[in-house]
Each structure stands twice: as C-alpha cells, then as structure tokens.
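I would like the entire structure built from these sequences, with the hints used as guidance.
Each protein sequence line maps, in turn, to chains B, G, V and D.
Letter 140 of the first sequence, counting from 1, is numbered 140 in the working numbering, and no numbers are missing.
Letter 171 of the second sequence, counting from 1, is numbered 171 in the working numbering, and no numbers are missing.
Letter 132 of the third sequence, counting from 1, is numbered 132 in the working numbering, and no numbers are missing.
Letter 152 of the fourth sequence, counting from 1, is numbered 152 in the working numbering, and no numbers are missing.
None of these hints come from the bench; they were simulated from the model.
All figures in this text were calculated on a predicted structure; none of them were measured in a lab.
You may find that some hints are simply not true.
Copies of the same chain look alike in the list, so a pair counts if it works inside one copy or between any two.
Stated by the list, open to error - Calculated cross-link-like contacts (lysine-lysine; reagent style DSSO-like; alpha-carbon spacing at most 27 Å):
#1 254 to 208
#2 118 to 210
#3 31 to 258
#4 258 to 118
Protein chains: 4
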Amino acid sequence: MELNGVQIEDEFAEAFPNWACRVIITAITEKWALQAATEATGFATSAIGCPCEAGIERILPASETPDGRPGVAVLFFAGGKKKLKEQVVERLAECVLTQPTTAVFDGMPEAEERIDVKLHFFGDGYEYQKEVGGRNCWAIPIMNGEYIGEENFGIVKGIAGGNFFIMGENIPAALMAADAAVAAIRNVPGCMCSFPIVASGSKVGSNKYKFMAASTNEKYCPTIRDRVEDTKVPEGVKAVYEIVIDGIDEAAIKASTKAGIEAAVKIPGIKLITAGNFGGNLGPYQFKLYEIL
Amino acid sequence: MELNGVQIEDEFAEAFPNWACRVIITAITEKWALQAATEATGFATSAIGCPCEAGIERILPASETPDGRPGVAVLFFAGGKKKLKEQVVERLAECVLTQPTTAVFDGMPEAEERIDVKLHFFGDGYEYQKEVGGRNCWAIPIMNGEYIGEENFGIVKGIAGGNFFIMGENIPAALMAADAAVAAIRNVPGCMCSFPIVASGSKVGSNKYKFMAASTNEKYCPTIRDRVEDTKVPEGVKAVYEIVIDGIDEAAIKASTKAGIEAAVKIPGIKLITAGNFGGNLGPYQFKLYEIL
Amino acid sequence: MELNGVQIEDEFAEAFPNWACRVIITAITEKWALQAATEATGFATSAIGCPCEAGIERILPASETPDGRPGVAVLFFAGGKKKLKEQVVERLAECVLTQPTTAVFDGMPEAEERIDVKLHFFGDGYEYQKEVGGRNCWAIPIMNGEYIGEENFGIVKGIAGGNFFIMGENIPAALMAADAAVAAIRNVPGCMCSFPIVASGSKVGSNKYKFMAASTNEKYCPTIRDRVEDTKVPEGVKAVYEIVIDGIDEAAIKASTKAGIEAAVKIPGIKLITAGNFGGNLGPYQFKLYEIL
Amino acid sequence: MELNGVQIEDEFAEAFPNWACRVIITAITEKWALQAATEATGFATSAIGCPCEAGIERILPASETPDGRPGVAVLFFAGGKKKLKEQVVERLAECVLTQPTTAVFDGMPEAEERIDVKLHFFGDGYEYQKEVGGRNCWAIPIMNGEYIGEENFGIVKGIAGGNFFIMGENIPAALMAADAAVAAIRNVPGCMCSFPIVASGSKVGSNKYKFMAASTNEKYCPTIRDRVEDTKVPEGVKAVYEIVIDGIDEAAIKASTKAGIEAAVKIPGIKLITAGNFGGNLGPYQFKLYEIL
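Structure, rendered in structure tokens:
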C-alpha cells in the first residue's frame, strides 16, 4: 500500500511485555518540570545497556495536574517489577527531588498493581503528610521550600518494542521525518520513545565476534548495501531511522504507530516505511502496519 | 565582604578527587549533538545514587571540532577508573552511537592516563579504521550511514564537589540567580554542573532514621528555620540553591565558582552567598570564596 | 479579595474596540511555522508606534489545521479595517510567503466581514487555484515548491487593551509571574499578548514635555515611589509588569485575564494584582477583576 | 569548482549600499535580551515591503557588554539615514524600552556618522543622566525599575543584498543546509540575515501583471522547471533557498558568505551552490563565489 505517495511494506513490529510506571512531575514553570523530567529519563534508551527505558510521555498544562502547576508525564519501563521499582526510586530521589520546585504524583491512580517509592525518610523527621490536589503526599523540607511527593505508584503490564522504520533518500529527509514522527507521537497518550530516534539497528548476536550479544544489523545499513546479499535497503535510500515505542497497552502502540507514520510520510524524500520483527517467534505482540494504518 | 551589594560569607567549598573524562560529540547540526549529549549525561546528578556524574561542559562551534561539524563537549566523573570506563562505554554505546549522525572524539588527547572504549565490534566485521580530522577512528556502518568514533580517551584526576550556595528572598529570585550562575559556568572550560541546580541539600546520615546514609540538611531549609537552632538560613531568606561543580582541575573549579557567583549577585533579591563543607576534615580540596572572588 | 494569598484590587481594565484578523500559518514542522509567525508579528507591540498590534494566539497541532501540517494561529489588530488589511497583506507577503514551506489559511471562516489578501499576482501567471483541506487556495510557484494561500480572511470587531498589573517584591518574582501569565493565556483561544510583557507603563501626555503624546506613568514606577505623592506602588513592591491582552471578543478577554491572574498568583513574591483604566470615560469596555475572578 | 562534493557555480552576488546601525540590547538574562531583540527586528525581512531590514547579529556574553549583563547585538539597515533613524527610534521605543529589564548601548562607538535616539523625554522629568560601563546613558524610571539607554548611535555605510543560493534534492536537505548556513553566519561579526532564509525569489517587475513591481523568479522554481525555457534549476533539484546577507562592510559579507556555504555543503543532498545578480549593472558591489571560497 501507499500513504501520501510513500510505499508501506506489509510488515509487523514484534514487541514484548514490560512493566510500566507513569510519574507526573510538576514545577513552578514548564521549563523546570521539563528539566527534571529530562534528567530523570536520561541514560534510558534501551534496557540492553541502560538500567531501564524511560522517556517523556507528554507536557501537561496546569489544568491537568494535581497541584495545578505546569507538569510533565514521564514513563518508566522495565522487564521486572523489582527493577522498575528500584529505578523509579533512584531516579525520583536523585533527579527529581533534588531539582528546583518539583513535586511528583502517581500517574496511574487506577492501576491495581502498585509500588512504593518511599522518599520521605529523607526528611529526617521534619517531613509530614499533606493532602495536595486530593492526593496523599509527603512534604519534605528542602532548600527551596518543600518537596511534595506521593509515594505509591500504579504500574501496569505494558509493551516495549513497538516500532517502525523510515527510509529516506538522504539523511535530512529521513531525520526530519523521524523527528516529525516523534513529535506526533508526543501527542498520543500512553506511550513514549525512549531513544527517541534510533540510528543504529541491531541484530541478536554477531557473525564475526562470538562474544557480542548484539551487533549492527547489516541488512539496514545503506553504506554497505552492495555487500549484503539480503539487504533490506532499497535502491536510492541513503538513510534509515527506527522509531521504537514503549506503550502502556496495545491501543497506545497502535495509535502512536499510526500518528508517527502519518507524520513521517508528509516529509518529502521518504521512500519506504516498514517495521521490524524477529520472524514472529520471540515476541507475543505483533503490530501489523496494514491493520494499523 | 560584599559583591554587588550581596553579602558573601567567609566560607569554603570542600571537594574531593575524582577521575574525569571528556568526550566530544558531534552531529549534523547542534540540535542533534545536544540531544545525544543530553541523553548520555542523564541520570547522572550525583554519584551517591546515579552510576556516575556527568554533564555538558560546553557547546563547540564547528571550527573547534575534529570533523568540522557542530559539537558538544561532555564530562564524565567517577571515583574509580574502572567505574568511569564502564560508564563511558555504556553511555556512548547506548546513548550516542544509537543517535542520529553522531561521531565521538577524545576530548583530552594530551592526557597520559587513558581508557579504551571499544565499540567497533558492533560493526560485525564491516567496520574499518578511518582517519577523521587527524584522529584515528573506527567507522561502523549503521542505519544512517557511518558512526565515526575514536576508541581511546584521556582521563585526568579531577575534582568533584566544588560548590556555592545562593540564598534569596524568594524562589524566583534564587532560581533566576542559580540559572544565571549555571549559564555563566557553561562559558568556563573544564567544568560542568551535573545537577545542574541543587534544591535539596544533604547531610551525612540521619538523626532519626539510622538506616539512612544521607538526609535533608535541616540547617539550610527555610520552612523549618524557626525549629532548627543552628539554622544557617538568615531572616528573610525563603529559598536556597546549591551549585555543585565538577572540574578537571583546581583552576576550573575556581574560575567557575567566580563566574557563577558574579552572575548570581547581579540578580535582584539575592541576600547571601556561601559555600558548603564538612569542617575541612573530609575533602583534600578547599576552595575559599574570599580567595577566589 | 485575595487569591492564593495575593491581594487583588477592586479595579477594572478599560478597553477599546479594534478590528481583528486571524491567520493560520502552517509549515513542514512546527519550528518553521513558528519562525514565520514570529517574523510576521514582530514590530507590533502597540499601535501607538507600530503599524499594528500582532501576536501568536496559539500553536496548532497538525490535526487542527486545514492542510494537516503543524501550524500557528496569529492575530492581527488595528483600529481601522483599511489599516488592518494593509498590514495583513504586507506581513503575509514579506514575512510568510517568503519563509520556508509556509501556507496560510483564513482563521475566521465564519466571519461576515472579510478582507482580500491577494498575493497570487506574485505568481506572474504560473499561479493556479487549488483546493487544500476544503479551502479555495492559490498555489504560487516559489523556490521551495509551491506557496499555498487562501486570499480572503474573516475579520471581527475585537477588543484591544484588556490588561492587568502584577506587582512583585523583586524583578525575578514579578517577571516569572508575568511569564507564567502569558504562558497560561497562550492556552486561551481568541486572544494574544502583543508585547507580550509590558515593563513601561504610559500615561497620556506629559507634565514636563508638552510635545510628548505619552510619557512614563510615574505612579507605577517603584524607583521614584517616594517622590510621587499619589503612587500606586505599595511598600515593598520593587517591580511591576502589565499584561496587555487583545481579544476577538469579551469572553476571550475575560477568560485570558482569569487564566493569567491565576497563573501569576501561584508564583512566590507577588504582592498585588490590579488593572489599569482611564477612569472609565474613554473606553467602552470595562473588565472588572472581581467579576472575572 | 566543487566543495565537499557539491558543485559551486562561477557566479557573483550583486549588492547595494545601505546605511547600517548596530544596537546592543542587554537584559537580566539572555532569554529576555533575545525576546526584545526578536520583537525589535520583526517585520523587517526586506526593505521592499517592510519599514527597514533588521536582524540579530549575534548573542553577546555578559563579558562583552557595557553593563556586564547578557546581551544581543542587532543590526538595522535602511537606504537613507533619515529612514534608518526613524526606524531605530520607533523600534527601540516600542519594542525594547517596553520590554522587561532591557538596556541599550551604541554598538558602533567608533563610527563618525551618528544618529540621535532621544527616548529620555519619556521620563517626564524623572529621567537623569547616568554613566553605565563608561557610556553616557539616560536612566528612565519605568515599572520594573530603570530603563538604561545611550541616545547616540554610530552608523556606517554598509551593504545590503549579499547572497547565495542552495539547491537540494529535496526540501529537508535544502532547508537543513540553509539553516546550517544561517547558524554559521551567526558566528560572523558584522552581518545578519534579515529573512533569515528566503524561500521565494523575486525578479524585477512581472511579465503578465504590469502593475506588479516584483514577481516570482520562475527560473528558480522547481515545480515549473519544465515550463521555463531558461530555468536555472538543475535536474534532480526540488528545493532552492536563498540566503540574503546584510553586512557593515565588504569583509563581513565575504566572511559570512564563505562560512555559510562551507556549512551548507556539509549537508547530504545538496546539489549546487550559486549566487544571484542582475547582470552586474545595478549594484556597485560584486561578491564572486570563486574569489571568496
């Protein structure tokens, strides 16, 4: 099929279950909420080499946050509940509580599964319980006043590894399309792009170096297209980007895949959209492009 | 003493030795170099709870980078060489190599101590050695072309924990001053602010909760000023921020402390500048404000 | 009355009728739509010395624009229809048509009063009519492809001069509150802040220089508070900012005044909110703070 | 000749004398200096339809401004001295004096030709003379304290219309290259790009509509390439952007042309760089690409 003149391959993204936690970070202005969110979700592109996967879900206007201040919703993903809890605790403690004027709130109050994030002991006895926006929070005296934080967060069985590939006739085209896709996905609730754009695709293992758990996926590399027999890079394509999406449920992955592709194909110079999988034997979720679009 | 009408306390910052590594990240435009640098230096405010300390040193114009593209210099700090190497490897592998159009170069070619950061095995045999800007690099085929990277980086015995405190009559004043200080420090080579602004000061241990390794430093908390006998918060001060500086040498810490304080005292509403220490018995470095200013 | 602990004076803003035109500017990405919108609405703070008043109303997601691309809605205001038309023509011709990848659409298709903005003659015969998103547009060949533009725009009898004043204990507090107010107003449809923050209030005429049509309103100047008998600056206030709002109707002025004040009073260090008028004899519109809040 | 694999045509830019004035705008932080500078230089792309040409020359660190605050240097250009003075007066009065925490300083203290910009009457007798950073300024009480301004500015015979064209295989490539060129030019002192990127080239007059003073230059329009006999658009080029540069002297135009082109050719997908002229009979200045590069 074609979308806006761009060929779409009949492929599917293969994805995996992952635990997800949403934290709402607010601050005195959007700038400071965003800065704390950025620090807290850094070094979190891929669970392969990072402690977790994390990213900004979306900017929240003051009218949508518990304390009526500008905010940012962030999502954390990990394979296990224990790992997820550990990372949420560390990242809130080191990268949010320490930042100017922040407060944090549970972003999934309706979830049944829950984790404790007990930071209030940091108050050394000066902390106290306080209701803010209908939430049971702890107020901890710090240098710029009081840090306000909920300490119990909902978690859900989410999905990691939703994806699609953008192939363009040159880097600027593919990069602008990938950037436009990520911007569009930012408007879809329930998901985030932890990378946010992937420039280097991996395959499991390595043909040459047996000690490597993963190595470059030569089939998607334009510069060695002529040397790879089963290359997936069409003629005329000079740059490929992958958008990897983690979502709290299948609907979020589908909606964001659709929004991202629709934004990408509007950029001139895009040749092909496809998706990545391992043949369908590894991941329990399959997101078929033709069904989604 | 006073500076621009703001009282400066006769105090000193107590700081500690730490290994430092500088990486130059370039990309097709400054935007993309900055995005990779931000991801690679996230979750790295304090070595207490983060895997390392890291931050952006400064933006580099194309004329100052090995490959003539826009760049960003980032600094990584860790207590041990092994930890430093491990973190530089992971962060370059997961957060830079994977990002659009990036290349990395050694930022301390003159340093005697060196670490290897061997990412080229990712190329699975398609990688090759290539000279770029007079540097011996590896070119690894990836989806948007070739990732270019040096694989040997200089490290030096740097310093962590340079600091000063900004006390203001309200949050906006103290926060604008802290932000101005960080912006001024961004112009000083050889240092970075990993937090970049600290809103919650810590003391070693806890009086109430014996299981806590650190807890809020109640002496610097304005909201409980009346309940803390030996408070360091002067009357009329409602917000305190700490600027923590890691530098590659003493000169960098001194220059950045001076630049930061001079920027901060220009903001109306600032009442006092001081520095933090543990009495001088723990850290081998003492940065005295009166000598620096 | 008090709001969030900040005193609100029982005052009203006195405002005036003004013709208003809304233009939707789209581009390949939000960045480029925003750049064109910024250029087109520059040198347009006050109709006193600028050719018109203009500003960005709000950012539009791709889903809300006629051509499905990211966009920005801008508003132009002028006292007369002829002046308004002249300015919309010049600003679209010089600052939007000339900018990368732009298209423009009528932002008030339902308005009865209309102005023509005929730019298609620029096409020198190569232009042609084209329907885009259900709108009758002209496509003009230019260097980056085709400029797409509607040429008939709705105008309405709007209102200029809605306002409120923010008084703070120092510049950072008042400025952060003013900035927060403007950000909140950006979320309210139908209005914009052409300045966007006013740091210098005027009075009609001058006591000392008879040739001046307007001069500083000494009653709102903190530095000369002691020398002005009828000063309106309360003790302890060091900085005053005025937010001036132009809106397409009374509802927009009211909603934005409310949103702006509610955002401003959340910032620590704000002492008083009031509004400006000329005694009620000049302008036909009176926006009373107590009624609005 | 070729540069980085991109063909450079043996062409020249034809430019014209123009009066130039540089104003240094400072503020409490760079953000606010930039905001005032942006407003003051808006609606100023081309002197054809705008009151003047204006743009940001460069960001100034606090160490380079008279009052030691962050600043922005802006340049104004006009054909006549009278028009230039009128525009500098209006734009400083309406768009800088009115903005938060601004001060303005003469950016060409060494120039012999000078214009007066008397804003101090706005002070209505409360203004007074004050030396700031060795400059004779007026201090005018306004709502956020005192506006500080020099009132005598150097002007020089500068040059308008330096230019070059970037032709790319698609819009994203040409646009990224144009953006990179403008960023590189921002680092060259003495010049600015008023547009800053031109997407619509003009020719003098119109073949079809005799009442038009200018119309689209069909020779540079990719979409009608097949219908224009003497098209200058090479096969495979889908997007053309022009960078127009105004400079205070020939050296600035040359240096910025060189810097801009060198940045542009580094972007993949660029096919040709050329320059625009009217045959050499109209403008007294000719900037030959081959001599400059």
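Hint check:
no.	hint	verdict
1	254 to 208	neither (36 Å within a copy, 50 Å between copies)
2	118 to 210	between (43 Å within a copy, 15 Å between copies)
3	31 to 258	between (29 Å within a copy, 22 Å between copies)
4	258 to 118	neither (38 Å within a copy, 37 Å between copies)
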